[in-house]
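Assemble chain B onto chain A, guided by the hints.
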Amino acid sequence: MSTSMSEKDQYKNRIELLQGTLDMLILQTLQWGPQHGYGIVQALRLQSGDVLQVETGSLYPALHRLERQGWVQSEWKQSESKQRARYYRITAKGKKQLASDLGRWERIVEAIGSVMYVKPKESES
Amino acid sequence: MKWFPSFGFQQRKRELQEEIDAHLQMAIADRVERGETAETAREAAAREFGNIPLVQDVTRQMWGLGLFEQLGRDVRFALRQLRKSPGFTIAATTMLAVAICANSTVFSWIDGTMLRPIPGARDTGDLVSLQRGERNFSPTPPFSYLDYRDLREQNHTFAGMLAYRNDWIALTGGAQPERAYIANVSANFFEVLGVKPMLGRFFLPEEESRPGAVPEVILSYSLWKTRYAADPALVGKSIEVSRHPLTVIGVAPEGFVGAAPGLRDDLWVTLDPLGNDGWRMTHRDWASLIVIGKLRPGVSRDQAAQDLNTVMHRIVAAYPDDHLGDNRITLDPMWRSPFGANGYMAATLPILLAIAGLVLLLTCANVATLTLVRFVARRRELAIRQSLGANRMQLVRQMVLEGAMLSTGAGAAALLLTTWTSKTFAWFFPPNAAPIRLNGTMDYKVAIGIAVASLLAGMLCSALPAWRSSQAPAIEVLKAESANVSGGSRNRKLLSALVVAQIALSLPLLLCSGLFLRTLKNLAGADPGFEQDHILTASVGLSIAGYSRDETMVIRHKIMDRVSALPGVKVASLTNWIPMTLRRRSVDAYPEGYVTHPHESLQVYHADVSPRYFESLHIPILEGREFTPDDKDKAPMAVIVDQTAARRYWPGQDPLGKRLRVVGDGPLFTVVGVAKNSTHMFVNESPEPMIYRSIFQEGGDETTVQVKTEGNPADLAPAVENAIHEIDTRLPVFDVRPMRESTQMASIFAVIESALAGMFALIGLVLAATGIYGVVAYRTQMRTHEIGVRMALGASRVDVIRLVLLQGLRLAGIGLVLGLAFALGLTRFIARLLYGIGANDPVTVVSVVMLLGVMSLLACYLPAHRAMRRNPMTAIREL
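Protein sequences appear in the order of chains A and B. When the letters of the first sequence are read in order and numbered with the working numbering, they come out as residues 1 to 125. When the letters of the second sequence are read in order and numbered with the working numbering, they come out as residues 126 to 1004.
Derived from the structure by calculation, the hints contain no laboratory data. Source: prediction; values computed, not measured. Warning: the hint list may mix true and false statements.
Stated by the list, open to error - Simulated pairs of lysine-lysine, DSSO-like, Cα-Cα distance not exceeding 30 Å:
| # | chain 1 | residue 1 | chain 2 | residue 2 |
| --- | --- | --- | --- | --- |
| 1 | B | K138 | A | K77 |
| 2 | B | K138 | A | K93 |
| 3 | B | K321 | B | K548 |
The following block holds chain B by itself, in its conformation from the complex:
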């Protein structure tokens, strides 16, 4: 086969013309030589030659068709064939489009989150995030400023290393304060990420820790646009942040929202912009920075980790007291960085993509079945074309092309659908306190993914049936009576295999979704150890809005008093943390006299709470007492620990009266009570120690009021907001919502998993059921004549039913056994995501097998029933 003759086609046409001209010229020359006049010679030669265009045409046919001519002809033929059976075309295209869309949707979510960890940054593939100590799913910021600076300056494997930490602040100065998410960043933050300012400039190296300098701020594009009306002259002007004047020096480009994947920064300042955070800048035990490094070209993650651990080892040796516990540094690429959302994404989305892949395979098997049946119906046409000289490759190519046309159409539909479904990811996230910015992206990567998936799907659903169908010996097909040939035994085997494959593939889909749904149910039903219903929470910006510590304490007392007095309020209390909101708050705790094991983490969860906190959340105090109004500034520092902390630090002893420090050289706290364990982040977490301090003793950077209500907590929201604003109208109040709503965040990934797995399983079930129904019905129809004969010879209706049912159920049985083995092999990959249920939970397995079995039985029974009711005489006549 010539591959590119079409490029030379015009050239060859010209040459043929020239060849014929030469022929005529020579003929004329001969005749003239023999004495004819030029005129008669020309006429005679032309007559002798014959019809020139026809000769050219016939000759050109000898060249064979080029790739493109051939393709064009095949495409037209394929389209004609598909138009002839619109039912098949529509059904197959729809099924493929849905299956491809399932894949491309999940992929667009991966693309928008894991593959685009830091929008607007350059070369995110070279970035790694640093983790110190025990690897954790949601670690706290791991480095102090001094440790970070040493690592940055002493390593040999990084082109740059940035650090940041996040906080809420309030933009004061306007009529109404507005809460914003701020990041304190190292001076090289933007440079390491490769981001250029849209207006003004970014920080200079000498500004990183310069005390007493004019505080400067950089705004995000969206904040500049929304709050400052995209004022081009804003750079150089002063804005008020938490009642402090800051000078705007630059605006970040559109789309760049900081270095934490999935979270949105609104503005950036240096690490200690006001010069009032000296403690943090000079103490090595005050780890508050998240660090991201940019690897030098050619350096692997392992080499870099080794290099950093060498440096870290020196730091630990020099300052052992500031580095108790585990100090090993591990590196993660940004797509699975544990800081931000990608840790959760990486645990969830790839598995969903794999499940979507199963759906696509299943769909291909289903469409392949339809295709095979169609090719069998067309076997006479195929045989005729074969006997007219088409070789097997040509036939296969033609048939595969039909599949490719189908899947191309399906891919185009999926592309359109995905532009919409990619944006549905954000729907999963309920309103919550975090500046979450997660959604899918529809870009060239997704388009390429769709193209590859459609191509593969097209090949899968047509190649096998085409290859099989092209094997039929032409002569026999043409000789045989159409009704007698049920497609040959090879086709029958392939059909059976496809049905078995469909059932085997749908079983794992059903099992996964069953397990995810049970997990979701278990999570919802689990007791988190605290009361979530009838609780309204509202956050108030105090320190973030620039109120001093003393003002804050006064306002807190006022809030408690006013809110408690509201009608419908049973109990009101304050806290600086709401459990199960994907938020980890931890500090290092140093119990007096406690010797840490090597590599033991000192981190404990902590919350600063007011009196009656435990009462309002129904968390029992097992020993000692709850905080009282007396646990305030001048009183001895009090702490309440949970059971896990008590057992770990003082095993077999009475924890009451024991003391601990928070931060190495902080004050000593005395244990006044032991609270029952309750859930911190996830219902399925392994218990970690927790300590509670009094919000009136410890500053507590945030203030959230929790109100236990008599009726629906949402009804009380306006009253609570009003009560707070009566104290001071400028107090920013935000995130006012029932606690139930906030704690949904803890099961959000289970919701995503079960929603998608459930949808995929439903598709799988429908496909498997229609698949087996289609094949059994088709085969039964093919055997109408035989069944008629059997009945005429005395077979009873029951015999007929048994005949048809058995053949279908045998396939279903094989499919179920294979699928079960397949499913049980696969579920261990999702075991990590399950709660309260084993990966091979017998009840789920049995119900899923039963469900699929019953569906198969039903799918086989319908055609069996139809066959049974036929009149044997008409059945026999029907050929």
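The following block holds chain A by itself, in its conformation from the complex:
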């Protein structure tokens, strides 16, 4: 295999760093309807105002893993531009997962927020 181990590991590390968040973002995107991989990338980019650029090296492994976990289902369909593509659809199990991911995300944001926005005076007392 031509790919060196370190390069592969890099990808893996990125997946791991993003894992929880990326899963949540994908599931959230699919809330609005079935979508293919390219569509998900575009949607996330648009929704985030060009801030979130998902690597394909993270996206496809994530999609296939989500499918294996039963959180999404896929099927081949024609797109509007007559392109045959694999569409992913969120399952009931996926919706539950999304809800719990979201809950956890909110707690983390709150926790980080409370650390970051501590008022100096209060901390001195």
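This is chain B only, laid out in the frame that chain A set:
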């Protein structure tokens, strides 16, 4: 877990490729729409996507491995692990191979005998052999021709029913007469067995009892090949059998050797081929046929027996005088048919297989011990793999796979070994007078047996240790210092249990072999009631070679005279039967005025003997006289009975002068003497009545000369043979051998049992001893540090020895107690095979327990001694 993803693997790879292509196409389309040129759009999209093969690779990893990929990886890993410890791998594989081979060897013998009762026949599972009257281990042929024909024609449960009887004949006509085993068979013999002729044809229904027809003969493949040079034009030609011309009508296919399991027929003729055996064909009291039936589909043995007994009941009611005694018919499947060798096989081989099974269990316990120790040594590796995300099932699967690899290797070795050991069964049978054809077979059934045994053994030796080892909490193992952890208390318990199991399993092995060996010794030492040493026997074919009755009598006298005159010969006599050669000769006896009890068998053993028979065999005549040269043709018919016959027929009376008939309407014989009881077939038989007639009065179909010699009887063999050939060079002389050699047949099964049980017990003893040694040594080594501390704190060497010894002996003690209970429960299954010794013989039990105890003590003492001699300071430092 997905089970068969590998079938869809290529498909999924293609789909992933397509998915990525679609992604790129859409990206390019978007860019072109935004005004980029096709070329730059493609480049940009590709750049944006990144390394396509890498994305594919990482994505594929998300699918999880399929069963086969996983298995392939696990197998490679297991092989790597086994290669790392060659000592363990070789030892475990060898032990398992030996144990599996022990089982497969015995099984191949069962396969070659009991499971293949009639080689060459079809559907032997539907065949049953019929027995009439009291069930007997080695019955005589139970049916007369007329009774057989009625049973065959009036039953409703059989698709066919054949009958046969065997005899020796001589193939005359060539330069030298050759003895052959012939079977007189019913016309449907081959049809019922489903055998098709290789050349010519078999008998037609109308030929069964057609008198005066041209006598016909069918040859076995091997006889056709050896004596007639595989002549393809032999069919239709005439050959000479006992000086009678017979026309060859067919040759049986290769491998088919008749219907008696374990015996070999050389040729077949109809029931009365020469038309000179009318008596046998018309008298219902002359039972000489062995009958085998083929059950109709769906009919059970019980139903068939009921059906036959209904028919038999009618026959007995119609001809009561010809059917005195017990007439109930019982049926046996061919694997344990009492006619032929399978009755003996069925009594011996399954028990040996069970004992071999114990050896395999014991070996598994031993290998499991080694495996557990090995897994404990690898616990850090296991813990690391666990913390890297391997779940418990994966670990167990991996470890069990290592066991499976071992046992597969062992199974392959056993398979190779068995191709050879299966053929060793024939070694047990010394040269003897019977056409015995017994050996093991190595076929697919044995191969399947080996596969199953290896699989089970692999599971047994690895599943338990694997399950235990996978339980260790990873964090603790990784934190703990390696020397401090002696495998955890659970492992210790499992190790102890395995040691106890090994001792408990080896005890019954030792006990069985002890009992069998004592039995063999008792059999060898038993007094059969006649002299076996310094006796040479030689059989001469007279009537079988076509000599007339008168010629036979003359030649017999000549043999007696010439052989007696040989230097080195003390006494010579004639007989038609040699005791203790697995040969039962019996007739129905009708003592005058004796009223039989219901179901009482009329059968008595009989032999036709010459004057001085009792003298040469040292059988005392208790009352009356021995036969004299005057007991010949014209003289009154004389009979000598043994004590059992005398007591049974004339209790409390003087048997001399009493009379009896042999066969319902035969002549009356007068008792002239009473001989002491002697052994007929087996030393451990229950005494059955025996009668002797004069060989010069009664025709006696066979002639065997018995010579009492001064020196080694074998030395006289050429001289005796010469003396007989001086009378007539064409006389076939065969089975010339010392009597000791012939009578070995009576203890042949005891020899087989004790040889195998002895071998198995030896394996068991070695395994048990190494097992307990290994565990005690291992544990002592693990406690080196602790022992060092104890010694530094003032414990004496004796204390250390006691510490180590006690721990081993406690296990040995528990094992011995459990094993004893186990063994005493098992020995009753072999009680039937023992002689002169109880199944729970205290002396044997105590010696076996002592032997195992001493071995255990020794096995524990070695590591204890080593621990004691260590310097406490180095012991403490050694972590």
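30 Å Cα cutoff - pair B:K138, A:K77
18 Å, holds
Given hint B:K548 paired with B:K321 - CA-CA distance at most 30 Å
28 Å, holds
Holds or violated: B:K138 to A:K93, with C-alpha atoms at most 30 Å apart:
Status holds; Cα separation ~26 Å.
Taken one by one, the earlier hints all hold for this structure without exception.
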